[in-house]
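In order, the protein sequence lines correspond to chains A and B. Going by the working numbering, the first residue of the first sequence is number 45, and it counts up by one from there. Going by the working numbering, the first residue of the second sequence is number 276, and it counts up by one from there.
Certain hints may be false.
[As the list claims (entries may be wrong)] The calculated lysine-lysine pairs, modelled on DSS-like cross-linking and capped at a C-alpha distance of 30 Å, are:
no. : chain 1 : residue 1 : chain 2 : residue 2
1   : A       : Lys146    : B       : Lys488
2   : B       : Lys488    : B       : Lys281
3   : A       : Lys65     : B       : Lys278
4   : B       : Lys278    : B       : Lys488
5   : B       : Lys278    : B       : Lys289
6   : A       : Lys249    : A       : Lys146
[Unchecked claim] Which bits of chain B does chain A cover? Going by a derived footprint, with three or more residues having C-beta under 8 Å, they are:
no. : region
7   : 290-298
8   : 320-327
9   : 375-382
10  : 421-427
11  : 452-459
[To be verified] Incomplete in silico selection of chain A near chain B, CB under 10 Å:
no. : residue
12  : Tyr53
13  : Leu54
14  : Glu84
15  : Arg117
16  : Glu118
17  : Gly149
18  : Cys150
19  : Gly153
20  : Leu155
21  : Ala157
22  : Pro158
23  : Ile230
24  : Leu235
25  : Pro238
26  : Val239
27  : Lys249
Think of the hints as simulated: they come from the structure by calculation, not from any bench. Cβ coordinates follow ideal geometry from the N, Cα and C atoms, glycine included.
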Amino acid sequence: MTIESESSYLPEEQGTPAASKVAGFLRAMGAVVWKDLSAELRSRELLSAMLIFALLVILIFNFALDLDPATRREPTITAGVLWVIFVFAGTLGLNRSMAIEKDRGCLDGLLLAPVDRSAIYFGKALGNLVFMLMVEFIVLPIYSLLYNVNLFNPGLLLVILLGSIGYVAVGTLLATMAVQARTRDILLPILLFPVVLPVILAAVKASTGFLDGSEMDVIRPWINLLIAYDIIFSAVAFMVFDYVVEE
Amino acid sequence: MIKVRKLVKRFGLKTVLRGMDFHADQGEFVALLGPNGAGKTTFLRILASLSRPSMGRVNIAGYRLPDQASAVRRRLGVVSHQPLLYGDLTAEENLRFYGRMYGVRDLQSRVAEVLELVGLTPRRRDLVRTYSRGMQQRLAIGRAVLHDPDVMLFDEPHTGLDQDASAMLDTVLREVAARGRTVVMTSHDLARAADLASRFDVISRGVITASVKRDEIEPNNLLAFYRQALQVA
C-alpha cells in the first residue's frame, strides 16, 4: 500500500502521464542548462580555460608547423588544425564541467531529483555544447586573421555544429563515467578519442570539402555520417545514462 | 514508512551490507550508530536510490526500490556531509535550481520560506562559496526540505562543524523532525544522537545488531549499549 499524502509543494500529475513526463523532462533539462550557464557566466572558469587553451594551440601550430603562407591556407591543414583545437579545448571543458558536479557532491544532488535521469544528461550536454560553440566562434575569426583564411563559410559552420553535437553527445556520457575515477583527467581522453574518431574524421573531411569548394556529392557522405553519429550517440546516451551514474 | 528486508550490497568481492533488516515508522527519528566502515553511508545511499541493492527488499512510503525510484525520490530529502550545493550560485539561486528540478509549486514564496527556516534570509544573495561550513550545511538542509518530503536522510550532518554551528544545526534538525517527518541520521557522535533521536540502532559489519527506543534507555547508558552492540557482530 502506498502512502497517498504527498507534499503540497510538489505538482500533481496533470494531463496524461506521458505529457506530464515530457513537461518534467524539459523542465529539468532547462534547469540544468540554466544552472550551468549562470554559474559559468559568474565564474568564467570553464570558458576562459578552454579559450586560452585553444588560442595557445593555434600559436603552437603556427610556430611548430612553420609552413609557408600558401601551405598554411591549404584546406586540409586548416581543417585538421581547427578540429585538433576544438577537440583538445572541448576535452578540457568536458572534464571541468563534470568535475564541478563531482567536487561538492552536486552530482548526487542532481540524481536525487525525481526526474528522468536522461534529462540531466541532455541538460549537461546542451550546456557543454553552448560552451564549445562559444569557444569555436571566438577561435574562428582569430584563426582566420592569423592564417589569412576565409572561414566564414555556411557549410563549414554547419559541419562545426554537427561535429560539436557528436563530440559533446559522446563526451558528456564518457565524462560522467570518467569523473567517478580518481584519474579522471587522464581517463577521459583515453576513453573519448577512440570513440569520437569517426566524428573527427567526418568533420575534417567535410570541412576540407567546404573549404576547397568540392562538389556536394563529395561532401554529403561525410555530413550524413555526422548526422547518423549524432543521432546514434544521443540515443545511446538516453538509454544508458541511468546505468552509468548508478553504483 | 521505511521497511528493509535482508538487504545485501556487494562492491565486487566485498560485501558491505549482509542481509540487513531495518524499519522506521512515520514520525520516528532513528539514529543509526556505528563505526567507520560499518555500512552506514552505503545503507543511506541505497535508501536515497543513489545505489542499487545487490539483494533484498527496500520499501519507502509504500514504493519499492529500485523499481519505483522516482516516486521514492519525491518523498525523500537527503543531507550528507557534502553540501550538494553550487558555490558559484547564490543561496537563492541554488534553492531555485533544486526547486525547478523537483517541480516545486509557488517556488518563489517557498524559497523565501525555506531561507527563513534555516536563518539565511539576510545572506540569500551571497555566493555559496563565501559561506562558512555551518551556513552551507544549513542551506543543505533547506535544499533537502524544499519539496517538503516525508522522509529525511542525514548522513553525518555534523561532520566538520564547530560547536556553535553544530548547535545551530541541531535546532534546525529538531524543527525538521517536529513537523512529523521520518528521520534517519547516521552519526559517530553518541551524545548528539542521544539529544536528537527517538530510537537508536547500532550497525556493525553490515547488519543492525541492536535497537533501543529513547524511553527504554537512560542517556548515560547509551555508550555501554553501543559498545555491547558492537561486540555482537
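Going down the list of hints, with the structure as the test:
This hinted pair does not check out: lysine 146 (chain A) and lysine 488 (chain B) have alpha carbons roughly 37 Å apart, beyond 30 Å. For the hint pairing lysine 488 (chain B) with lysine 281 (chain B), the CA-to-CA distance comes to about 22 Å; that is within 30 Å, so the pair holds. Between lysine 65 (chain A) and lysine 278 (chain B) the alpha-carbon distance is near 28 Å, which keeps this suggested pair within the 30 Å criterion. Taken as a hint, the lysine 278 (chain B) and lysine 488 (chain B) pair is honoured in the structure, with Cα atoms around 17 Å apart against an allowance of 30 Å.
With a C-alpha separation of about 24 Å, the suggested pair lysine 278 (chain B) and lysine 289 (chain B) falls inside the 30 Å cut-off, and the hint holds. Between lysine 249 (chain A) and lysine 146 (chain A), the direct Cα distance comes to roughly 36 Å. Violation of the 30 Å bound is thereby established for this hinted pair. Against chain A, the region 290-298 of chain B contributes 0 residues with a C-beta closer than 8 Å to a partner C-beta. That does not satisfy the three-residue criterion, and the hint is violated. With 6 residues bearing a CB less than 8 Å from a CB of chain A, the region 320-327 of chain B meets the requirement of three and the coverage assertion stands.
Requiring three or more residues with a Cβ within less than 8 Å of a Cβ of chain A, the coverage given for the region 375-382 of chain B holds, as 7 such residues are present. Note: the region 421-427 of chain B has 5 residues with beta-carbon separation from chain A under 8 Å; the three-residue rule is met and the coverage holds. Counting residues of the region 452-459 of chain B whose beta carbon lies closer than 8 Å to any beta carbon of chain A gives 0, which falls below the threshold of three, so the coverage claim is violated. Proximity of tyrosine 53 (chain A) to chain B holds as hinted, the smallest CB-CB distance being about 5 Å (cut-off 10 Å).
Below 10 Å, beta-carbon pairs count as interface contacts, and leucine 54 (chain A) has one with chain B at about 6 Å; its hint therefore holds. The interface hint given for glutamate 84 (chain A) is met, as the beta carbon of that residue sits about 8 Å from the closest beta carbon of chain B, less than 10 Å. Proximity of arginine 117 (chain A) to chain B is violated relative to the hint, the smallest CB-CB distance being about 41 Å (cut-off 10 Å). Given hint, glutamate 118 (chain A) at the interface with chain B, is violated; its Cβ is 42 Å from that chain's nearest Cβ, farther than 10 Å.
The beta carbon of glycine 149 (chain A) is positioned within 10 Å of a beta carbon in chain B (closest approach about 3 Å), and the interface hint is therefore held. With a cut of 10 Å, the hint placing cysteine 150 (chain A) at the interface with chain B holds, because the nearest CB-to-CB distance is about 6 Å. A hinted interface residue such as glycine 153 (chain A) counts as satisfied when its beta carbon comes closer than 10 Å to some beta carbon of chain B; here the least separation is about 3 Å, so the hint holds. A cut of 10 Å between beta carbons decides the hint on leucine 155 (chain A): the least distance to chain B is about 6 Å, and the hint holds.
Taken as an interface hint, alanine 157 (chain A) checks out: its beta carbon lies about 4 Å from the nearest beta carbon of chain B, inside 10 Å. Taken as an interface hint, proline 158 (chain A) checks out: its beta carbon lies about 4 Å from the nearest beta carbon of chain B, inside 10 Å. Here the hint on isoleucine 230 (chain A) is broken, as its CB sits about 22 Å from the closest CB of chain B, past 10 Å. For leucine 235 (chain A), the interface hint is violated, since its Cβ never comes within 10 Å of a Cβ in chain B; the closest pair sits about 21 Å apart.
Interface restraint check: proline 238 (chain A) against chain B, minimum CB-CB distance 26 Å, threshold 10 Å, status violated. The interface hint given for valine 239 (chain A) is violated, since its Cβ lies 25 Å from the closest Cβ of chain B, which is over the 10 Å cut-off. At about 39 Å, the closest approach between the beta carbon of lysine 249 (chain A) and any beta carbon in chain B exceeds 10 Å, and the interface hint on this residue is violated.
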